[in-house]
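Please take these sequences and the hints and turn them into a complete structure.
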Amino acid sequence: MDDQALLSHLARDLDASFVALVRAHQDRVYSICLRLLGNTADAEEIAQDTFIRAYRALGTYSEDRIRALQMRGWLATIAIRRCRSAGARRRAPTVPLDIGHPALPTAPAAETPHLHVVGQESKRRWASLLAGLPDRYRTALVLRHVDDLSYAEIAEVLGKPEGTVKAQVHRGLALLRAAHEAAEREESIA
Amino acid sequence: MTEYPENLDPSLARVDAALRDLRTEAPASLVGLTLVAVGLEDLYAQLDTVIGPVWVAWNGRGVSAVTAAADADAFEAGFRTDNKRPIRRADEGIPERLATAIQRRLAGDRRVRVQVNLRGQTPFEKAVLRKALEIPRGEVRPYSWVAAEIGRPAAVRAVGTALGHNPVPLVIPCHRVVRSDGHIGQYSLGGPANKRTLIAAEGLAPDGLEEMARAGVRYIASDTTHVVCLPSCHQARRVTDRHRVPFGRLSDAVAAGFRPCRKCRPAAAVAA
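Chains A and B, in that order, give the protein sequences. For the first sequence, the working numbering gives the first residue as 1, with consecutive numbering after it. For the second sequence, the working numbering gives the first residue as 1, with consecutive numbering after it.
These are computed hints drawn from the structure, not numbers from a lab. If you're wondering where the values come from, they're calculated on a predicted model, not measured in any experiment. Hints may be right or wrong, so weigh each one.
For each label pair, taking beta carbons as the anchor points, the in silico distance ranges come out as [what the hints assert, rightly or not]:
#1 B:V112 - A:E184: 52 to 60 Å
#2 A:D148 - B:D73: 43 to 51 Å
#3 B:P86 - A:T60: 18 to 26 Å
#4 B:E96 - A:D135: 32 to 40 Å
Note that the Cβ used here is the ideal one computed from N, Cα and C, for glycine as well.
Structure below.
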């Protein structure tokens, strides 16, 4: 079911089709929350909270208003707002202590390198580097590159001009690249 | 799918790929938790009470069902028929906070709030159930009292029906509503014997109440305070034997100079 079909189902019968909305968007809402909050427990709670807010809001909207929603951007807007107020309550995102100090290879050299573990390790490192970025760059990067929203959608979500969003995404990418290179250098020295 | 108007250089493309890789599947529990939170799905578990274990269902809007079904299957089937919503057993049992709130509520602590989910009830049924919530622990009121208090004095039978269909007995103490002639009356949660047990557990003697009613006593007045009450009102129960003045009709008490109690409002019990 695409978002347009989903919206017209929601407009007709919110209670019957809400579960389809959650199923269709849970991975992206969860990913946004996870990358903005930095830990899985908060991410699950805030992702849930995002859908609860969405449900309550949809209950007050007219059918026409529901049909006209830009679902992806709308949910991202709620998710970001919930993450920000959760973040304000809980301070900065948790940055794992092992930034720049990747686990020493534990597998005996004779064994075939475990690709999945390597992938997980690299993923964890990127996640902590992203978590270390200043808020505005992290948010822009998460929406553009993790969630795959267009610049126009992000501009709408963040209430900023498209040019500003593009600049933040670019700056964020450059910062992240620099941080990653620094981490790799440190690793090769160690 | 992704537009790259800005011609990402290869080292940035690597960052982009790494970020895409950070998309993460939501935990399997998210859908269920969300549906429960908005009240589109319920959880249930068993709760131990003075009348034995009962089944309790709840969702984010509050407690949605309390029954004395024989087993989990019977409870689920009954719930689905009544509510047309999915339900599943709570792996971790009833949440500590909810169990404590229900127990404290039953113990007469009116400061704790237990949210109840009364979707699907008519405005009349809701009014009846809300009124029943006001009856203090250890006291009972006649069906006619409830009818008069909600402004529908002639609807005594409908009040009985509404209380009989109380989706959340115990939480809404419909066991504190009895027949005007003093008989304890029917009870939906496993039958009238449970109603007697509950009333007794709250410190009232159901036999004594019935006996008094059979003897024609519907009101108790005090010749010191000159206040006339329903027999189970805590004001009436404080009156010592020496000062108790029983009445069968409120009008007789009023004619004798007694003022109806402002707490138990016996006038409402006459109306029917």
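Hints, verified against the model:
{"no.": "1", "hint": "B:V112 - A:E184: 52 to 60 Å", "result": "57 Å, holds"}
{"no.": "2", "hint": "A:D148 - B:D73: 43 to 51 Å", "result": "45 Å, holds"}
{"no.": "3", "hint": "B:P86 - A:T60: 18 to 26 Å", "result": "24 Å, holds"}
{"no.": "4", "hint": "B:E96 - A:D135: 32 to 40 Å", "result": "36 Å, holds"}
No hint from the list above goes unmet by this structure.
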